[in-house]
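Using the hints, position chain X against chain Z.
Below, each chain spelled out in residue letters.
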Amino acid sequence: MAEEEKKENASEVPKEQEEKQNATQIFFEELMSGPVMIPILAIITGLLLGGLIVALTTEEVYTTFAQSPVQAILTGLNAAWKSYVALFTGAIGDPARMIAAIQAGEGEEIRRAFNPFFESLVQSTPYIFAGLAVALGFRAGLFNIGAEGQLFVGAMTGVWVGFAIKGLPPVIHIPLALLAGAAGGALWGFIPGFLKARTGGHEVINTIMMNYIAFRLSEFMLRGPLKRPESANPVSPLIEESAKLPRLFEDPIRFHIGFFIALGFAWLVWWFLFRTRWGFDLRTVGANPNAARYAGMNITLVTIVAMSLSGGLAGLAGINEVLGVNHNLALAFSSGYGFDAIALALLGKSHPAGVVLGALLFGFLRNGAVQMQLTAGIPIDIIQVMQAMILAFAAAPAIIRTIYRLRPPKEAEEGLLVRGWGG
Amino acid sequence: MAPVLELRGITKRFPGVLANDQIDLTLEKGEIHALLGENGAGKTTLMNILYGLYQPDEGEIFINGERKEIFSPNDAIEAGVGMVHQHFMLIPVFTVTENVFLGDEATRMAGLLDRNQAAERIRDLSEQYKLEVIPEALVENLPVGVQQRVEIIKLLYRSADILILDEPTAVLTPQEADELFKIMRSLTEQGKSIIFITHKLREVLDVADQISVIRRGKMIGSTTPKEANQQKLASMMVGRDVDLTVDKTVAQPGDAVLEVKDLVVANDENQVTVDGISFDVCAGEILGVAGVQGNGQTELVRAVTGLKSAISGSIELLGTDITHSSPRRITELGAAHIPEDRQEDGLVLSYPLTDNLVLNTYYQAPFAKGVVLQDEAIRETAEERIKEYDVRTPSAMTTAGSLSGGNQQKVIVARELSRPIKFLVAAQPTRGLDVGSIEYIHGQLIDRRDKGVAVMLVSTELDEIMQLSDRIAVMYRGEIIDVVSAQDTSKEEVGLLMAGVKSETKAKTKKQSSGSNKKVSSSRKSSPKAKKNGSSRKKKS
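First to last, the sequence lines map onto chains Z and X.
Residue numbers for the first sequence follow this note's numbering, beginning at 1 and rising by one.
Residue numbers for the second sequence follow this note's numbering, beginning at 1001 and rising by one.
These are computed hints drawn from the structure, not numbers from a lab.
Model, not experiment: these values are computed from the prediction.
Worth double-checking, as some hints may not be accurate.
To be verified - Which bits of chain Z does chain X cover? Going by a derived footprint, with three or more residues having C-beta under 8 angstroms, they are:
id: 1; segment: 280 to 289
id: 2; segment: 293 to 304
To be verified - Computed from the model, here is a short list of chain X residues facing chain Z with C-beta under 10 angstroms:
id: 3; residue: R1328
id: 4; residue: E1332
id: 5; residue: L1347
id: 6; residue: D1375
Glycine residues also receive a C-beta, built at the ideal position from the N, C-alpha and C atoms.
With the rest of the complex left out, here is chain Z (with noise of 0.2 angstroms):
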């Protein structure tokens, strides 16, 4: 069906030469035109084996079993229902709950009933920038295993600025802590990139080097001059009030002006890549890297500009949890967005948009999982079982087309991807 429409938008683009599309209309056409099928399909198959695996692994079933197999299905079936409304209430809330506080018309139990929506938002934040790093790495045939160490080090630039720099106002130093952010990551990005394009040393191998040396670095510098001089602990100071990420909402939700800066990078990385020259060249140079130096592009200079923009955007994943969330910068502060980012950038077909819903899902799934633990019971690695379901699916997705019978690619639209491995 989205192949026919996807055909017929194409028809009529002619006719309407007159009309000026806007950009947002071209941002949604290329969004329901790029295969979105493959990703739903995986998220809906993760979730039903996910079940599968919640009823498998309760033990009632296995009790009532030898009784009744019917009554032990049921069992299983109530099990996995069980979790899922958890995991809905933990990372979007109890509907009845909010009606209630909605109704008894008192502002802390509202903020208390819809807190897990607005958390599991805020978890999804620095998904999205550090989903877009490595989407922007895809996209130029760059594989960034980095962004887990870009964004520890833009954290450290980061919260360096935060602290350090007294009596700006929050106009200016906001930014300039986001700025600096940015930096660092660009530069723990730039490294890899300069090696691969110079010496042809594979960006894989490398940044994944530089993750342990910025992961050491950023025990060093919260031991020795990052460290908060009255604190036993490997902490960096507080930063200064001017430089938080303003809370839009009191206690208990956490949710910060972070995500609106996210979703605006999002667009802003969108259009670079599919309305500049800049953009053009850099998908040019990931999509055919022969026919971009006939074309007279610089592989070079891109490659080089590409891994750093893409290690800015994850220092930017990094800064941001600093200024919105935690306000210092603490050993292990990150658990692993960079690495997960990866894989909801595959997930989001390295497309801005994609990556968003990728993130969104992320976070989500994160935040349900604390309170599928608590009240269902389902250990949190189920969870994680499950996201590693959803991504083998989605970066798999001859998988999927066997499993529903969906016709094979044409085959320019498959192997954007990992043009890396072979050098």
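What follows is chain X alone, placed relative to chain Z:
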């Protein structure tokens, strides 16, 4: 007696395409049966069905009158059907024997390989069919023509009676092709039967006993070389009358546009493949660069277009030194390039035609204002080009990868020729294209020549070179062995030059000189002279 092979009502559908539609084909014992058709007509699909790579949706296969189900190449080989693919399936570092018995190893006790027994059989086969293959030779040291014979021996070794040869002459010099035809004759004389897939009309008329023409998945008809001629076969293939001869007037060459002096270029493995060549291309003429694939033409083109930096020597375009210039600089000077590998270099297959049509001009007005791409201007231009160059596509937003080869090539031609250009490099501009597209692209090249563009045509197709060129430079092992005027030469002479044979006397000096550098450089000097003679003769006539 029943025919060796009979295909009845073979039908194969792919999503959205009827690749084979009720095809009947009869192959008699001892016959060379040419299967002729444009690219994408369904020849290869039909043969892949016979070879067990595809299953037909309808239809039956009879071998020696017996109905056979062929589910895999193993079944095909068992039924006596063997195929030589266009790209050889040989392991270069193995000997002929090892390559031949690979997968069907002769063994002694305890599973040890019995090379001698296999080698003996290969020697016998080689003698029987006059293949002249030495079992102990390493495949990587053999010329392409001999490698092809190794492929044939592989089939004979497995007792194949029906041989399918898929475009076997594509990789051969004209002389090697003649050798192959002799071998094909000797095979059929001894009872083998051959299906010969090709789109070259001349070869079909030379060698085939029966000719079957396929068009758009349908069997159009059968004929014999006696009844047919090139014109008739071409119109059967295409479905309309085709102009096979290229109409062109005598060239009016102007000043030299491209001047190459003592150019040395290495390939990606750092082997010198262009070894000190000098030539020039003048405005308003087509210089054909002939040669068997792999004699340095690829690197020459890459150097001239800025994709590869020369080791030494110089290249001047319109008086500007471009020896180490970037492709963009060269493009901006007025050069256009139809690359050898259209999918690898010329197009981004995942991009829509709009983007592909501005692939090297996207950064200029009106396609970009500042850094922002002007989608509307790009799309309007694309639509004009598509109309003007007759690209068959559902829309300008269709991805290049979903077009046929001929239409992909037209996209490149449209992009390169629609700019104001002074110099055009066309490398293998019609490779793999159907007769209709070839006709069109040849017309465009002549048209540009007449408008004063200097055209450098690199092609391994001798016919193409002969038809289009005003002068012909023949490359052999990285050198230009000679430059001849197209009017004063013959196919045979150019064919011999392509094989490295200059003429009786010259060949000797060539052989002597190959040892010492000094003499090589002297023979280099001789080529521009020959070229000048050629052009002056042309002017008189």
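To see whether the hints hold, each was checked on the structure:
Counting residues of the segment 280 to 289 of chain Z whose CB lies closer than 8 angstroms to any CB of chain X gives 4, so the stated coverage by that chain holds, three being the minimum. Counting residues of the segment 293 to 304 of chain Z whose CB lies closer than 8 angstroms to any CB of chain X gives 6, so the stated coverage by that chain holds, three being the minimum. Using the Cβ-Cβ criterion of 10 angstroms, the hint placing R1328(X) at the interface with chain Z is satisfied: the shortest such distance is roughly 3 angstroms. Here the hint on E1332(X) is kept, as its CB sits about 8 angstroms from the closest CB of chain Z, short of 10 angstroms.
For L1347(X), the interface hint holds, the least distance from its beta-carbon to any beta-carbon of chain Z being 6 angstroms, beneath 10 angstroms. This hint holds: D1375(X) has a C-beta 8 angstroms from the nearest C-beta of chain Z, less than the 10 angstroms allowed.
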